[in-house]
Every structure is written in structure tokens, then in C-alpha cells.
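Sequences listed follow chains G and E, in order.
Per this note's numbering, the very first residue in the first sequence carries number 1356; after that it's consecutive.
Per this note's numbering, the very first residue in the second sequence carries number 1356; after that it's consecutive.
Just so you know, the hints here were simulated from the structure itself, not pulled from any lab data.
Keep in mind that a hint or two might mislead.
For identical chains, the list gives no copy identity; a pair is met inside one copy or between any two copies.
Distance condition first, Cα-Cα at most 27 Å in a straight line; then the derived BS3-like pairs of lysine-lysine [claimed, not checked]:
| # | residue 1 | residue 2 |
| --- | --- | --- |
| 1 | 1660 | 1570 |
| 2 | 1561 | 1660 |
| 3 | 1570 | 1609 |
| 4 | 1609 | 1561 |
| 5 | 1548 | 1570 |
There are 2 protein chains.
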Amino acid sequence: MTETKLPESELLDLATRALHGGGMREEDAAQTARVLVLADMFGVRTHGISRVAQYLGRVRVGGIDARAEVQVARMAPGVSMVDGRNGIGPLVGMKALEAAMQSAREVGIGAAFASGSNHFGPISPYSWLAAEEGFASMIGSNATTTIAPWGGSDARLGNSPLGFGVPGGDGAHFMLDMAMSVVARAKIRNALKAGQSIPDTWGTDKAGRPTTDPKAALDGFLQPIGGHKGYGLALVVDLFAGLLSNAAYLTHVKSWVDAPDEPQNLGHFFILIDTRRLGSAAWLVERMRDFADILHGSPAADPGKPVIVPGEIELRNMARQRAEGVRLDPAVLALLRQRAAAAG
Amino acid sequence: MTETKLPESELLDLATRALHGGGMREEDAAQTARVLVLADMFGVRTHGISRVAQYLGRVRVGGIDARAEVQVARMAPGVSMVDGRNGIGPLVGMKALEAAMQSAREVGIGAAFASGSNHFGPISPYSWLAAEEGFASMIGSNATTTIAPWGGSDARLGNSPLGFGVPGGDGAHFMLDMAMSVVARAKIRNALKAGQSIPDTWGTDKAGRPTTDPKAALDGFLQPIGGHKGYGLALVVDLFAGLLSNAAYLTHVKSWVDAPDEPQNLGHFFILIDTRRLGSAAWLVERMRDFADILHGSPAADPGKPVIVPGEIELRNMARQRAEGVRLDPAVLALLRQRAAAAG
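Turn these sequences into a full structure, and let the hints guide you.
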């Protein structure tokens, strides 16, 4: 497939107009576009502007309300609850991020618990926006159920994403954005296509038993990292993102594939810490540089693959795409242009 | 080995007297004993009162200051920094827990970052104490370096523990307390003794290459859960517990085995959320019960092993030992008695 490139600002403008054309208010569309374009900048294209069509498809069937007015309630100086009113996920995410930032500015730490939301994109854009303002972050979302409880045999929890960020000097932020499964489903599908078996830690068959057969794993469930440990972590994310936020959790989360016209009521949590309350900017910059230097200093087990620190790949992608333009699938670009044109 | 049992209150009293005998002020000894006895109550005996001798051994060689006056500085309404002054770990942990609780009471969420600390026991006692007061918690500590960076070939990060808690009704709290390695070293040692090979996800040889040979793994490094994901999570714990707290981090953490007379300068973080700001007690109890019911409802892959929710084993151990007394290794008990007698 040939590829095309657009400068970041043009892509932002185009995505904003497409989302506005899909029914969002212009400023809401701009905030949503910001998250999705950052995902593309970081190279997380599966969660970037390619999602606009999917989001707007759900708007059309009534599964998401493009004009939702997200409500933010301050429960305490450090804690907000955000009701997304079934709005577009990244918009709810941005409102929650802002609420947590505001609390963190005031009292040093802030949390926002969001309910009534939808797929909010990847976590790294939020971590990056927080880090750019000097905030360390812990952010998570629940998700449609695709994982069985450890030792169980049906899907009762989501492959929930969890992310963290710590500001570094000159934009060299630490950013970790991970889901709870050992591998993504796509990797198992690739093994099946290639006729290869898979490690027995990737998935279980539909009876919940570990399997090396990619076909059986695709009919079964993804395994969480570290077995019972990843199961526990996935539950933690659902507890903070779903249960404490007053959103749906576990099997109460509706599948957007099976029920695209019903609200998912996903939940997210954002916990931000103002690092300037802990020490000077110079203190943090120096420690973060030293931290990365120590890790980079470990001799690589495979000389061709030096040790990296989480976030480095995303930041390198961003630097390159800022210089050269953002790589885009022409089909995705054509769809965006069509949507933007419809907006007039 | 035969075992003996003591009622919780007697064990608390005995451990307090032993720690007091080792040089701690009486109230500090009582707080430390509380953490360690809770560990034993939960069945985490490797991190319970059996550690008293180890802690006091380090006090004797000057590696820990039993009479340290832990300093708590409120940096913002929601954030404290705690300087453990090289005191006994669980004492520093308790002071940090209290500081974070106080902030959470006032502004809904509170963080405490501790430096100048030592091994602070397992995390579940802190999670439990927080949950008993209605706080959800995220707690972590860094540790001596035993893990290689992902793709690296020497030990540069610790097998850092990370824990979470959410209050449930009737004491049925969710509690997850995990380290970042797939398995503990002991499990690899057992495989070696049994002459068995190990899965290639447990450890690497000393060149950083995954191995199925337990001997090579013991000479090498533990692997983190989910490979690069667990590597990232271990870094997150060190960033929040060590780097942001102004403690040592990564290779700056001194080994208490190699340098027992030098301060380790370990760090911890405590983030507590007052769940009463999010909804009523009845609301939370109902949701937590439903959450557990959904998980328990998944048919077990192995009929003999029903699905459990993290924390259930520990709470069951506690209930049993409250009724029957706390199980103790007679050698550990004898040592405690000797220390307590020395205290006069």
C-alpha cells in the first residue's frame, strides 16, 4: 500500500473538520483530534485518526452522542467525577485530564474518575500532554470483556490499557502504555497464517486451558501477562476506571461490536502529580537523564538491539513525523477528506 | 518442622518488645510490629515477623538506625515527602501511609513519597489498613537490583513490589500485592533441585538470553512478567517510589546483602483515595460484592480450582489465624522471645 504524508497542523485541521462534520461541536472536535493525531505522531496508528470513521459510525447508529455535554463534578479539592454522557471517548478523556490537572495544580495531586464514556484512544497522548505541563501520571481505562478470569473459562474482564508518564528534560518523557495481554490478537492471527504454533503463555482455548494452537487460542481467550499477576492488574484497572468511577465494569461493559447502538458506559481514571511540588525542574531533569543513562548503559543481549526506555520509540516517531509529515494510509485520508467536505 | 501458634495480640506484644529491645522507641516498635504481624496473619510469612532478626541484624552493624526520627514534610495539601532517616522500613512505611491518609481525608486524594528507607515488608498490610478506613490505594517500593533491563545483560533494576487495595463490604477488601518477576527465585531453585527444566519466560542466563536451564537462570536474571511490559512496570515503580521521592533508584540502591552496613536509601510511594468522596458506603459495598460475584461466576477451567479474587487467600488466612492463633516457626518465636527478654 502506498502511503502519503501530511504536516501535523494540516492533519489536525482536517481531523477536526471531519469530526465537526460528524456532529461534534468545533472545540470538542479539536480536542478529540488532538488526541488521535498525537496517537499517529507516536506511531500508534491503530488508535489514531483511523478511528474517526469508527467513532462516527457509532454516532450514526446512535451508539455515541457526538453532541454530549460532558459534566465535571468536583467532589473534593483533589477529586473530580466526570460524566461523559456517552460522548466521544477522547473528548471525555480530555475533560477528565483537564479536571485532574486542575486539582493537581491546586493541591499537588489530582484524580478524575470518568463514566459514561467510550473508547478514548491510546493512553500515551494523555501522558504526553500531562508530562509537557510537568505532571507525572497514572491513567487507565476499562474495555470490552475479552479475557477470562485466571482459572476461569469465559470472558469476564477487558484487556484494559494502563499507562504512566513522568516528565523528562527537553521533552524526553517516560511514557508506558500497555494492555494486559501478553500479546495482541493480531500476533496470534499472524502465527495461524504462518502455520506456526504459539507459546502456551499467549492464550487459552475456550475451556480456559493454555494452548499452543493459534486456532484454539483465537476461539478462546488472551492470557494476561504473568498469569494471575496480569489478571490482578487488569482487575485493578477495572476497579479504578470502572467500579470507582460509577461506570460499567467487567461484564456490564457492552461490546461495541455486538451492540454498536448501545452506550458502552466505559470508565477511565486519571491520577496526576505535580512534580514541581517534589523538587526543582533542574533536579527532575538531572535525575531523569541519569535514570535513562543507567538503563542505556546495560550491554545489549543482542548487539543489534540496544536497551530502550519506554516512550523513546514514540518520541522518535514524533520527532521524525514533525520533520517529514505524518504518515497516513491514503484510504484513511480520503475518508477524512470526505467527512470534512461534508461538514462544509 | 513442628509449628507453634500464638494469639495475634500476644504476637504483637512480643514483636513490639523484641523491636524495642533492638533499640526502637516503643511506639515505633508497635507500628513496625503491626505491619509484620499483619503479614503473618495474611500468610506472607517470608515478609512477616521472621524479618525482625534481619532488621535488627542490620541495626547492629549500623546499616539501619533503629532510633531514626522519620520526618514528614507537607509539600502541598495533597502531597507529602517523607524522609525515613534510614529508619526501620515498616516504620517509614507507616508514617508515609498516615501522611497520605491525612491528605486524602482533607482533599480526597493524598500521596506520600518516602526516601531514606529500608525494606518495608509486604504491601498488603498497608493496603488493608487503608481499606479498613475506606481508602483505595496504590503503593509501591523499589528494591535491590536483581533484574536486567529488557534486552540488557546486567542487573539494573529491582524486582519492585506494587500493590493495590479497594475497600469491600464486611472486610472483603480487594488486595493485590505483586512483584514484577514471573516467578520468585525460590521456584527456579526448586526446579533445579527436582532436575527439571523451566519455561523460557522465567529467567535469562547471565548474557541476558532466555533460558530453560534453572542453573543458568540462577546465574542470570529473573524475567519480568510480559517481557518488555513488566520491564516497563518495574521502571514505573522505581520512578514513583525512588526517583520522584528523592530516594536512590536503579543501581544507586545499595544491596543489603553486599553492603549491610550502608544505608540503602530505598523509596516508597503511597497514593490513597477517599472512596467516600465518590459515593456512599452502601453504593461501594454493593458494587464490590457484584464485582466479586461476576468473577466467581466464571466456570473453573479446573473444577478443583474455583476462580478467586486477589486478597481472598490473605483474608481467609487472617480469619483462620484470628480464630486459631498465628502459625509460627518455633525458631523464629524463640529468637523473638530472646530479643524481648533482652529488652527487659
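Against the structure, the hints:
1. 1660 / 1570: between (31 Å within a copy, 26 Å between copies)
2. 1561 / 1660: This pair counts as between: shortest inter-copy Cα distance 17 Å, intra-copy 36 Å.
3. 1570 / 1609: within (25 Å within a copy, 48 Å between copies)
4. 1609 / 1561: within (20 Å within a copy, 47 Å between copies)
5. 1548 / 1570: within (10 Å within a copy, 36 Å between copies)
Of the hints listed earlier, there is not a single one the structure fails to meet.
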